[in-house]
Structure formats: C-alpha cells, structure tokens
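Using the hints, position chain G against chain P.
Quick note, the sequences are listed as chains P and G, same order.
Residue numbers for the first sequence follow this note's numbering, so the first one is 1 and each next one is one higher.
Residue numbers for the second sequence follow this note's numbering, so the first one is 1 and each next one is one higher.
It is possible that part of the hints are untrue.
One side of the interface only, derived from the structure: several residues of chain P facing chain G at Cβ under 8 Å [unchecked claim]:
1. E83
2. K87
3. R139
4. A141
5. T145
6. L152
7. G157
8. I158
9. K227
10. R229
Everything labelled a hint here was simulated from the structure, so no lab data went into it.
Since we're looking at a predicted model, the values are computed, not measured.
Heads up, the beta-carbon is just placed ideally off N, CA and C, and yes, glycines get one too.
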Amino acid sequence: MIEVLELNYDSVVIGAGPAGIAAAIRAQELGLKTVLVENRDLLGGIPLQCVHPGFGLHYFREDLTGTEFIYRFFDKMEKLGVEYLLKSHVHSIELVAHNEKIVNVITPQGVMRLKTKTLIYTAGARERHIFEINVVGDRPAGIYTAGEAQTLMDIYGIIPGKEIVIIGSGDVGLIMARRFALEGAKVKAVIELMHYPGGLMRNIVQCLQDYDIPLYLGHVVTRVVGKKRVEKVIVAKVDEKLKPIKGTEFEIPCDTVVLAAGLIPNLDMLEKIGLIIDPYTRGPIVNEFLETNIPGVFVAGNALVINDLVDYVVEQGELAAEGARYFIENDGIPTIDWKPVVRGRNIRFIVPHYISGKRDVILYARVQQPEKNVIVAIPEIGWKMKQFNVRPAEMIRVKLTKRLLERASSAEKISMEVIPSE
Amino acid sequence: MATLKVVIVGAGIVGSSIARVLSMYEDFDITLVEKEPDVGWGSSKANTAIIHPGHEEEPDVHPLRARLCREGNTLWRQWARELNIPVKWPGELMVFFNEEEEKSAKKYIELAKLNKIPGVRVVYRDELLQMDPSINPSALGAVYAPTAGTISSFEAVIAVVENAVENGVKLLTEAEVRGVKVIDKKVKGVETTRGFIEADIVINAAGLYSDKISHMAGVDSGFVVRPRRGEYFLFDENVKVKPEKLLHTTPTPITKGVYAITTVHGNLMIGPTAEDLPVDAKDETSTSEKGLEYVWKESERLLKELPPRTKVIRTFAGLRPEPPGGHWRIEAYDDPWGFVNAAGIRSPGFTSAPAIAYYVLNLIKDKYDVSLVKKKHWNPYRSDIVRVKDRSLQEVDELIRKNPDYGEIICYCKTVSKAEVIEAIERMKRAGIKTITIDGIKFRTRAGLGMCQGSFCRWRIALLISQYTGVPLHQVVVKKDLYGVGEVKALLKSVS
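Okay, chain P solo, but in the shape it has when bound:
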C-alpha cells in the first residue's frame, strides 16, 4: 500500500473565489500557514466570467469588471506567495479534535491529506435548477442555469440560444438578460414570481429598460414545452400567496430558458460533518468570527449568505481569516456569553447569529418585503437609520463599533427591526 501524502496547516481554505482568495491572503498576512484548495483548473471563481462592471465600488472605490476585480487579488497572492492547489476536489473532511481536522483532497498528483487547525469554507453557492421551482412539462435541451449560460458565453464564446426567457429577476438574471441582448439574442421576457424585482434598481434600468426587455412581476413559468429543444413556456399570473391563477396563462415562444431563480449556499460537504443550517439564509449559523457550530470551521462569502456585492464577500473572507487566527492563538474560540442576534419586524434574516458585544461587528441582513419611509433600528443600543426605501434585493450592511455595543452590555440579545418612520 502506498501511503497518501499528509501535510500540516494552520488553515485550509476551500474554494478559490473572491471569499477564499481574500481569506487566504489575509491568513497568510496574519502569519498562518495556509493553503487554498480549488476544484477548477484556475483561480478566481465566478467573477472571472463576469465581464460586466459594478465590482469593487466599496473595496477599491473603483468600478471594475469582475475579471479586473479578481485579477487585483491574484497580484497580491503572488507577492505574498500564497500556496494553492488547483484541480483539487475535497473528497471528505474528518474531525479529529476541536483543533484538528483532516481534509482529504483528490488531485491529479494523488490523494492528499491536509491536516489543519482551522478550516475556512468558501465554496460559494449553487444555482437553483428547473426541478426546484415547481415547473412541470418537458425536459428538452435548451434549459440552462444562468451561471452555466454565462460560462458558455463569456469563457467559451458559445451562445446557448436565440430566443430567451429568463426565470428570476435577481441581479444574475438581469445581467444575463443584458449579456444575451448584447450578443444579438432576443430576450423575450424576464419572469419574476414576486410582486417586486429581485435585483438592484440600477440593474433593472441598465439591463432591462435600456434594452426594452419586458419584466413580468408576479408571474411564474408553470410549464416548459418542447420535445427536442425548448419550444415555448407557459406563464401564469400569481395571487397574493404566489400561487398561479387559473385562466391567466399565456405562452411565450422561445428556444431557451435560463434559470436565475436564486442561489443556495453550497454546504453538502460540511452538512456531512454536522453543520447546522439557518433555514432563512440556508447558510450556517455563525458567531461574529463567522465560526460555525463546528469548532474551527469558518464560512464566508456566498456559502455563508447570498450576497449582492462582491465587496461584502471579500470582507467576510478576511473576517474569517482573522477568526482563524484568533482561534489558533487561543486554542479555540474562548468561552463567551454570546448574545443571539434576533430578527425583528420585516427582517428576513440577519448574520452573524451570535455576537459577544466586546468587539466591532458587521451585520448583514435582508428585509422580508419592500417598504418605504422606514427606520431600520437596533433598539438594544438605540441605533437607528432612516431609509427612504428598503428592498429584499439590497442587503443591509451595518457596522457596529465595540463602543456602540457596550450600550447593550446588560441586554440578553441584539435585534434588528424595520419600522414605519411615522
């Protein structure tokens, strides 16, 4: 028997998208022996195929394309000499002790066992597919997820179809609508289940209105029709409970259906070792270090919560690396009287789920539904922010300083709520 290669690390980072790259860079800067493990044959993740702008407005204070954004990090990685493995698939993770995990990796060089004190999991999200959104009918060629269509177009120069219907008006759907229109395909419709758009306002204007692409709010694709290739979709209006209304059905002829119906954190590997999931984010339950219920396992980026800006993803990656260092310095995160972070009125989710109140934190939240003229508040510390408009599409990001949080030192919890401003 050949013994497989065993190596020791302080931190193994899984997934070399923006969160993983940022985490690996930060961990390296903090002096941790780090390795970044990536499935694909190149670093960068999804931004590589994002040829549209809107990246880096917060982080670099510049408007970059996804490709430009991620290349800036490559330069930094190289300077620091961050170790990485490509074409490397995490087969399984073994929990040995609170401060020891073994990551089994399949690579073209052989199987490797990476022994590590901490794990930063940044494997991103997967896209919801046609069988998850209650569409019935045929299963022909011509159905793609938005990411798959984007890979084909912007990495391999292949156009999937000529007459496109996009399901979902999140940013991914909107941006793909524009990409198709720019390449000469006809985008027949963007269909959105909710009664409000799923993406940023700027994308509604720049990606749909500028290209005369119709957006159907409060509509659903109920059926795909086509024997060999998609021939048409059946669309219906939905009622208040989002159920299709009988008699409102109409057809849209098309040859391609692109699904941009939401992302789901990609956590199968961690669920196998006992990860606990928040049903509202579908990501893990974490403390302010982004540490999960499994000691020394940190999650950042879209594997933690579906973000709308890459800038937040990077920020989370860096935070997880800092958490990993704190974990290693203290041989585990010290015992702390965690305060739960609770969802108040019109808050769909809030991350992280536990904070100490002893250090600065960033809270990420989304509202349940759009509302105008509101106050976003954290009553325990008397914090308030007046907002003309809150929308589920736009994440609320709030940085709370340690000083501010001291005001809540006697509170049992911290909560966020959205209240009418009157």
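This is chain G only, laid out in the frame that chain P set:
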C-alpha cells in the same frame, strides 16, 4: 451452416436482452437498430426499476407473464453479476392501511402460491415497522415478497448492449425503421433512416412503437400499444428518509401502486402515476402538476415522513407500453416468414426481459428450424467503468498514479473523474453509438445526476466530448438537440 441475418428493432431492455442471448450462437448475424441516439431511452429508462418477484401476475389470465417474470427474477441475479450492473435485493412490502386493502393485498399471497414464488407472506404492524421504520406507523400490515430487487435500469441496458456488441452484435443508433420489406411472404430486411438492412429474421422489440413495426410487416393490424404515463420524484442522496425495503401501496386495477424506494444509487424515489394516454401520444413524457401531486399525497400516506420539497433533485415521467388486455405479443410468424414479435411488453417487462430473450430464442429455433450451435468463445462478462466514488482513498491514489485523469473531478456532486468521462466516451464509440451525447455520458458515469443537476459539470462534459470527438462545443448534443446555437461572434454577424 448458413448464418441467419437478424435485425432486432429497438435497443431497450427487451431488444438488447434478445441480442445478448442470440449472440451466444454461431447461427446468427445480428444487427440491433435503435431510433434514438442511445440505447434504453424509451420505457427502459424511466420506470420504477423493480425486479418483481412474480406474485402480482394472474397465471390463468397472463400465464406467460407469470412464468417469465419468475424466471427473469432468477436470471437477473446471474446477469447483474456477469455484467456488473448495480442491483440489490431488499424484498418488497405491499403495505395496507385498512381491511379492504388488506383483503386485496392477501390475494397476492394466493397468486404467489400458484406461481410458486418463494417466501411471500403477510406481516403485521409490529414486525412491519421493525422491518422498515420509514413506513407510516398507521399501516396495519403488508404482504412481504423477499425476492424483489431493484436495478439501475439505464445502466442495465447499457451493460447488456456492451456485452452483446462484445459478442459480435452490431448496434445502429439513430436508425428509425420506416418499413419492413417482405417478398413472397418472407421478410427480406428493414428500411431505416440509416439505409436498408438485409435480414432473414426481423424481431420487433420496439416497445411503445411495436404496434407500428408489426403493422409494417402486415401482422396484427388490430394490435395497438397505448402509452401509460408514470410520473416520479427523485430526491437527493442526502435525506433522512431511506426505505430499506421496496415499499408500495396496495395495487388498484391499473397500477402496481405508488412505490417509495431507495435506488441502487442511494436516492429516495417515489412514484409512479398510471395515466392512460391517447395511442399516438408516444412521446408525451411531460410531467404534470396533477400527477406529481398525486404521487406526493400517496407517498405521504405510505411513509412516516417525506423529505422537504427542497430535497427533490428531479421530477420526470416515463411511458410504459400497454397492449390490448395487457397481453404480450410474443410470436414467430409463418406469414411473413421470419417476422417475430416481442411486442407490447408491458410490466413486468424489465424483470422478464432475460427470460423473454430465451423464450424468443426457442420460438425462432422451433419455428425456423435453427440448429443453435453455441459459440466457443462467447464472453458472458462485462466490466463496469472504473469509478472513483466506489473506492477508498488509498485505491483512488493508486488509480491516479496510473492515470492522473482519475485525480481530476468533473462532477462534484457524484465525484466523477475526467478519466471516467473519457472512458464513457470511448465505450460509446466502441459500442457503435453514432452521436456522443451529454445524456449518454450522464447515464454511464452518473455525472449530472446529483443535487446541482449538472449546472456545474455539464459544460465540462461538453468540453470533453468536443475534445474527444472533434465536434465543436456548440454542436455537442445534450439529449436530442444541440447544447448551443453557435459561436458568439458568428451569431452577431448573422444578426447585423
């Protein structure tokens, strides 16, 4: 000895099993023709994948079904071993929830006695819930049939065809039969979309289309095969509900009941419905809201709990051929001489297929007076694709040292390596498959059958197909149509 040219129409489980059995003899020169781009894409692919024990067939009404089902159940044990087909034999439980159902269920014990099916008996609640804790505890009991099994149906057809080809059968895909040539009351061959194929014997194993083929030969003009649709849900491997036995509700006159099984690949599968469609709806494999709802409700009745809808990875529908009266047409004709029907093979057709093959062989031997000389070097074995997923890390490491492509994982959900995809492409070429499709790779390697349903790996597989067949990426075929419509720049030009 004169060799007989045989054309088998339809590379489903029946046609391919006949091909395998006939390939054991020197007497035949066999061509297996299939209208689809790949084998097993009709009824054989989308069904419940049960190897039935044979206690559900009434011997006085369907003597052949009763006999061949029992024989097929035995033969599959041997075939699955020889051909390395994923199969397991957990036994099945026909669960009843009230006295009326109990009465219906117990009828099958009587049938089991008549058909000589071993071990069929009733079990009551206390024993039942220990046998399979995933059953709804309100069940009164069940009829237990220990000889039931489940197989990977699509892999079974692929394996049988690969073995048949290895033993000299020629496979012709995308060859739709347009006519059966008959001169002087003798078959002379078949006209196909890939040209005329000469034949002394034409065997009709065309499943849903077997009525049409029969009519082309001028046989049985009143014979029609109706499609009966069954809809299913398939769940991710990663769910808590995993029935140990093959569970189903007590049958009604038109269905074997709704099943809840853990497939050989570890997925919970529930279904089917049984909906009779118009005779010409032979490709109506769409799912419906109503059908899926019915399956969900029945499964809720059968199981203690169902996983959440978010764990569903696929819904699908398949069509089963339904001949008049449920009677199989297995016959060798004098007029035209050389025409053989293995037509209208409805359930338990998959189970019975190996036995049907031997039955057809005997019909041909007797009717056409064939000597049946066994081949000296007939190979009963077929090895499976070498799979990373089934192996220990040590073994995977050794594989990678021999071939680094085993270390490059293409499908993350099912841990399928590049080497496996390449092997599947090569096997398809070797089998004589004309178009290497993404679906063909999926059924051979299981890449794309996981939680993400191919959104991460489909383009990688398309790239490999393109690389190993020379077809441009956008012209790679998904199932029956192209993956893309063209290159970005080319399309731009055509628009402007």
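Mind listing which of the numbered hints don't hold for this structure, in increasing order?
1
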